[in-house]
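S.K.: Take a look at the letters that make up each chain.
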Amino acid sequence: MGGHSKTSPLGDGGMKTLKRQHHNLAESSAQISILQDDAHLYKLVPFQQKLEENNLYPLKATGVEVFQVNVGKMCNQVCKHCHVDAGPDRKEIMTQETMEQCLEALRNNTSLKTVDLTGGAPEMNPDFRWFVEEITKLRRHVIVRCNLTIILANKKYHDLPTFFKRHNVEVISSLPFYTKDRTDRQRGDGVFEDSIKALQMLNEAGYGKEDTKLVLNLIYNPAGAFMPPSQEALQKEYKQALMEHYGIQFNNLFAITNLPISRYLDYLLTSGNYEKYMEKLVSAFNPTAAANVMCRNTISIGWDGYLYDCDFNQMLDLKVDCGNSKHISQFNVDALNRRSVIIGQHCFGCTAGAGSSCGGAVA
Amino acid sequence: MSNHYYNAEDLGKFGNIGEYQKELGDKFFSWYGEVFKDSALSAKEKSLIALAVSHAVQCPYCIDAYSSDAFEKGYSEAQMMEAVHVAGAIKGGAVLVHGVQMMNKVKEIAM
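The listed protein sequences derive, respectively, from chains A and B.
Numbering-wise, our numbering puts 336 at position 336 of the first sequence, and it's gapless, one number per residue.
Numbering-wise, our numbering puts 364 at position 1 of the second sequence, and it's gapless, one number per residue.
Simulated from the structure, these hints should not be mistaken for lab results.
Be careful, since some hints might not be right.
What the hints assert, rightly or not - Derived lysine to any residue pairs resembling SDA-like cross-links, with alpha carbons at most 20 Å apart:
{"hint": "1", "chain 1": "A", "residue 1": "K276", "chain 2": "B", "residue 2": "S431"}
{"hint": "2", "chain 1": "A", "residue 1": "K276", "chain 2": "B", "residue 2": "G378"}
{"hint": "3", "chain 1": "A", "residue 1": "K209", "chain 2": "A", "residue 2": "Y246"}
{"hint": "4", "chain 1": "B", "residue 1": "K376", "chain 2": "A", "residue 2": "K197"}
{"hint": "5", "chain 1": "B", "residue 1": "K400", "chain 2": "A", "residue 2": "A284"}
{"hint": "6", "chain 1": "B", "residue 1": "K454", "chain 2": "B", "residue 2": "M444"}
{"hint": "7", "chain 1": "B", "residue 1": "K400", "chain 2": "A", "residue 2": "S230"}
{"hint": "8", "chain 1": "B", "residue 1": "K409", "chain 2": "A", "residue 2": "A233"}
{"hint": "9", "chain 1": "A", "residue 1": "K276", "chain 2": "B", "residue 2": "D373"}
{"hint": "10", "chain 1": "A", "residue 1": "K276", "chain 2": "B", "residue 2": "K376"}
{"hint": "11", "chain 1": "B", "residue 1": "K376", "chain 2": "B", "residue 2": "F391"}
{"hint": "12", "chain 1": "A", "residue 1": "K197", "chain 2": "A", "residue 2": "D181"}
{"hint": "13", "chain 1": "B", "residue 1": "K409", "chain 2": "A", "residue 2": "M227"}
{"hint": "14", "chain 1": "B", "residue 1": "K407", "chain 2": "A", "residue 2": "N221"}
{"hint": "15", "chain 1": "A", "residue 1": "K276", "chain 2": "B", "residue 2": "D427"}
{"hint": "16", "chain 1": "A", "residue 1": "K180", "chain 2": "B", "residue 2": "Q442"}
{"hint": "17", "chain 1": "A", "residue 1": "K156", "chain 2": "A", "residue 2": "R166"}
{"hint": "18", "chain 1": "A", "residue 1": "K236", "chain 2": "B", "residue 2": "K407"}
None of these values were measured; they are calculated from a predicted model.
Isolated chain A (complex conformation) (with noise of 0.2 Å):
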C-alpha cells in the first residue's frame, strides 16, 4: 500500500512489528501474562487496590463524549515504542460496512461530540476520506491522528492538510521531541525531517496559526524508560524551538506517557528496565489523573468493529464489560454509560504524574 518516503525506516532493514517477527509479544495474552499473571513477582501494588484506597473502584463510565476510532494498524512507520504494533504489513484495516455502521451509531447519538480517528496511519485505510466527509456531514469535531510523515509519503497524501482543512479537521500529531536526535531514535531514521517539513506544509495550509481556527496539537512522548517533564514547560520549549529554527507554529503540546504495551513493553524487558518503569509509574499514582482518566468519557472502536475501554485496551484485546453492547452493531450508549471500565496493571500509565490521555495531562 502506497509507497514511503525515500528516508523512512522502513527500507533500511530496522524495526518490524512484532507481528512480523513472530514475537510471542505480538498476542495480547502474552502481555497481560507479563503484566497481570507475573506482577506479583514485581511486588508491583495491583491497579485495583489503588483505586479502591481513592474509592474509584470499580471505575464507573461518566458518559461517553469521545468516539475514538481506529481505522486500522496499518502504518507507514514502525516506531519503537508503538502500542498498536503497526507498521507497513499490518493488514487489519476497517471495511466501509463497519465505518457504515460508526455513522449510523453517531446519527442515533448526538452526546457523541467528537469523533477521534486513530491507526496505524488512518489516511492510509482507502475509505479515510469518505469517513471523514461522512462524520463531518454529522457536525461532530473531527479529530485526526497524522503522524506527519504520511503527507511526504506518497504524492496521494500530499493534499491531506487542504483536505483537513476543508473539513475543519483538528489534526494531532506526534513529535517526540524538538530535535532530530530524539525524534529519529523513537520513529526511526528520517522522521524528524520529514516531520517538519510535514507540519511546514499544514502551517501553509494555516493550521497552528493564530489568526485561523485551524487547530494542530503535538504530541510529545518519553523516547526512553521514563516519565513525561511538565506539559507546560514542555510546550514553551517546544513552540521556541519549532519557531526559531524551522518558522513552525502550533496551537498546543500534549505530554503522554507510554503505557507497557506491545513494542514498547517489549522495549522495557529487552532492556531492562521493565521493573523499574513500573514502579516508578506506581509510585507516581495521583488519585486526581485517577479521577478524570479519558476512558470514563471515551469509547473506543477496533478495525473489526469491537468496543474497548480505550486504544490501549484494544490492543490487549479487552472488550468492554457491556454485555448488550460489544459491538459496533449493537452499540447502546446507555448501556456504555453505566458500565465499569475494565483494568489492569498497564493503567498506572495513565493515572502517573499529571496524568495522561489522548490529550495529554490531566491533573
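Please arrange chain B on chain A, whose structure you already have, making use of the hints.
M.R.: Okay, now just chain B, sitting in the frame of chain A:
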C-alpha cells in the same frame, strides 16, 4: 549495616531522614522543593546545574537522580557530558590555581 557504603535502593529512602529529626527534615525537603521550582532559572536549567554539582561532590545518589532528571527534561547526552566537563574543569582548575600558592611558597624559601 551492610558490607558496603552505598546502596542504590537507599536513594528511595532519602525521605526517611525525617524519622530521626522530623522538623529539620521537613524544613530541608520543603526548601529543596522550592529551590528546584521554575523561577528566575527554569527547573530544567536547575537540573543541569544539579547534575554538574553532583559530579563535583561525587555523590552517587545525586548522579543517579539528576542523570535521569536532566535527560527526562530534554538535555542530550552531549549537553550532559559538557556539564560534567564544566564540573571537572572547575575541580581541576581549583587544584591547579593552588599551584600559584605552591609557587609563592617555593619562591619565598628558594635561594
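S.K.: Indicate, hint by hint, whether the structure satisfies it.
M.R.: Tested hints:
1. A:K276 to B:S431: holds (12 Å)
2. A:K276 to B:G378: holds (19 Å)
3. A:K209 to A:Y246: holds (14 Å)
4. B:K376 to A:K197: violated (47 Å)
5. B:K400 to A:A284: holds (18 Å)
6. B:K454 to B:M444: It holds: about 15 Å lies between the C-alpha atoms, which stays within 20 Å.
7. B:K400 to A:S230: Distance of about 11 Å is within 20 Å: holds.
8. B:K409 to A:A233: Roughly 13 Å between the alpha carbons, so the hint for K409 of chain B and A233 of chain A holds.
9. A:K276 to B:D373: holds (15 Å)
10. A:K276 to B:K376: This hinted pair holds, its Cα atoms lying about 15 Å apart.
11. B:K376 to B:F391: Distance ~15 Å between K376 of chain B and F391 of chain B Cα, so the pair holds.
12. A:K197 to A:D181: It holds: about 16 Å lies between the C-alpha atoms, which stays within 20 Å.
13. B:K409 to A:M227: Roughly 18 Å separates the two Cα atoms, so the pair holds.
14. B:K407 to A:N221: holds (17 Å)
15. A:K276 to B:D427: holds (13 Å)
16. A:K180 to B:Q442: holds (15 Å)
17. A:K156 to A:R166: OK: K156 of chain A and R166 of chain A at ~17 Å, within 20 Å.
18. A:K236 to B:K407: Status holds; Cα separation ~12 Å.
Checked against the numbered hints given earlier, this structure breaks only hint 4.
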